[in-house]
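Here the UniProt record's numbering is used: the first residue of the sequence shown is 1, the next is one more, and so on.
Treat the hints with caution; some may be incorrect.
[Unchecked claim] Capping the alpha-carbon separation at 30 Å, the derived lysine-lysine pairs in BS3-like fashion look like this: (1) 423 - 435; (2) 251 - 237; (3) 248 - 218; (4) 237 - 248; (5) 423 - 539; (6) 254 - 237.
No lab work stands behind these hints: they were computed from the structure. Because the structure is a prediction, the values reported are computed rather than measured.
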Amino acid sequence: MSRTADSTPREMRILYPQDEAKGVKRGVRGTGTRGYPHRRVEALGSPGGSELNGSQDMLRRRDLHRRQPKRDSYQSSQTPRGDSSKQTHTLVDDTDDNTYISSPHAMSGTKRMMSPTGSNAENRTLTSKFMNILLGPINSTTKSPPGSLKVHELVVELSQTRSTVNRFRAELQTALDQQKNLQSQLEIAQRGEDESRAQLQRTLVELAAAHDELVDYKREAEEELRSLRGGMDSSAKELHAARTEVEKLRKQAKPRGDAALRAKHSNSDIQAAEKEKKGIFTRERREVRLVPKYRRPTTRSFNEPKGLLPRDSVDHVTEAHIQSSGHLSVERLNHAISTVIRQAQEHAAGIAAAQKLNGGVRFKARPPVSQRAALAFAMTHAGLTDNGQALLLDAALHSVVLPQLHDTFFRGEVVPFLTDQTKVLDEVFERIAVKGSWATCQRWRSLAVSGFADLPDPPELDAMAQSLTRDIISRIAWAYGQPRSVFEVDSLSSTLLRDVDAIVRDAYELSIVMKRDVSSVRLSIYLDDRLNRPFDIRKEENAWPQMRARAGDTVVGNYSFGLQRRMEDGSASFLTLPHVVTTALLREVERNARAA
């Protein structure tokens with residue numbers, strides 16, 4: 001096969017034997033020629049060919065081979081339109097089962113499948129092998145009967161292929177969109193990571209600065225601690241040296257003291273001076289003794305004479321003396337307590353006003369208060385007037401002082417100062433009262449209390465005065481909602497401690513006089529410190545009578561001591577009723593707050 005001079009693509013036409021015998025030329029479809037209808041076959045590799053035309057060409061060739069007998073001939077014919085540039089060649093191989101159609105464009109390579117000048121046998125062999133390779137998949141998959149061309153199946157398959165391609169394109173577009181979204185998210189994440197790194201860098205810088213500051217503070221604290229330890233060591237050494245010196249001086253002074261004591265007992269002049277110093281005071285002189293401003297005198301002037309023993313039938317002081325007329329009486333003790341509390345309130349109010357004027361008031365949150373502590377709970381209400389707050393604080397301070405004094409000095413039957421060591425005397429007195437007579441019990445009681453009068457003041461009195469002072473200041477600070485340190489100034493704490501110390505010692509001396517000098521009856525200070533109990537008008541009085549009591553009122557605090565008398569027959573009566581704080585005060589304070 002050879003190309004024409006103008007290199008124009010030529011068409012291949014298939015000629016059948018029966019048509020050659022009849023002398024009929026088959027026309028090409030679409031050219032208007034008549035003849036056996038068949039489709040136009042374009043050569044493989046020719047311009048304008050497609051995969052569909054190539055597949056149809058292969059199917060047509062296989063069908064042609066099945067219809068024609070085997071022969072070896074070479075035919076050529078011109079196109080019906082007389083185009084000399086396009087020729088159709090038909091090759092029939094008698095030695096092969098397949099018929100191959102070649103064209104100049106189908107076999108355009110370094111070596112063509114057939115050449116007019118080449119060997120026909122070699123050309124047929126090469127062409128047969130090449131076409132077997134090309135048509136192998138089609139022959140294996142196509143089982144259609146001879147002459148049938150399933151073009152519609154190929155069209156459907158092509159449509160499906162296009163649908164698949166479109167679906168793949170849609171999926172590819174979706175994947176691209178997702179990739180864009182992921183890219184944007186990645187950019188956002190990268191920006192966030194950059195910000196986090198910057199924040200982390202700033203935090204690390206701050207931590208480094210804080211670490212440096214902490215190291216400096218630790219170094220300063222260690223230096224200060226070393227200096228304090230050095231000071232403590234030096235103080236300990238000085239204290240040890242002072243103790244050693246005191247012990248040495250004590251050992252040196254002991255022989256001199258023993259010698260002076262022996263000389264004192266042997267010298268009659270010294271004995272007379274001691275008697276004159278103690279003095280022999282009568283009952284009348286003790287009753288007229290006055291203590292200015294409720295201060296305890298520097299000397300104990302109420303001791304009994306050494307030669308006078310207490311009697312069980314004659315009283316050294318009257319009941320009225322213990323009740324109100326004596327300088328050591330229940331009425332004067334109650335008055336002293338009220339006076340000290342009122343002065344402390346006035347002083348604290350002045351301190352609070354000065355702090356407020358200077359802008360130094362520091363309010364703090366009060367701790368929670370139970371509703372059973374009615375006075376404290378009432379002070380937490382908003383809208384209290386100054387008068388209402390003063391009344392509540394006055395009642396609260398009385399309720400702090402009175403129970404402690406009563407438990408220490410007046411709860412015991414015998415001892416004037418009740419402690420774990422002295423309460424054994426009360427237990428002994430209870431057994432004597434069961435077995436002995438009234439006169440014996442009263443005499444024994446008077447004798448036991450007389451021993452306390454000759455002893456020095458117990459050291460527990462100072463500790464009790466300090467404890468009461470701290471409690472009063474704490475309650476005042478709580479009422480004003482300020483720290484305790486605001487009121488722990490010398491002008492208040494020192495004055496309050498001095499007054500409270502005088503009250504403590506007066507209570508101690510009153511306990512001695514009441515239990516030692518009255519033998520006909522048994523007098524005792526009465527105080528019922530139970531809270532939230534019903535108000536009993538037979539045993540107590542309202543501290544503010546103008547605040548009328550109602551049925552069902554309860555006692556919320558104590559305001560003053562009472563004096564009770566018990567007779568030999570066991571009967572008891574009140575010489576002085578104790579004053580208590582009832583819920584009438586709470587109603588009055590609440591009413592004033594609403595009115596304001």
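Right, here's what the structure says about each hint:
no. : hint      : in the structure
1   : 423 - 435 : 19 Å, holds
2   : 251 - 237 : 21 Å, holds
3   : 248 - 218 : 44 Å, violated
4   : 237 - 248 : 16 Å, holds
5   : 423 - 539 : 27 Å, holds
6   : 254 - 237 : 26 Å, holds
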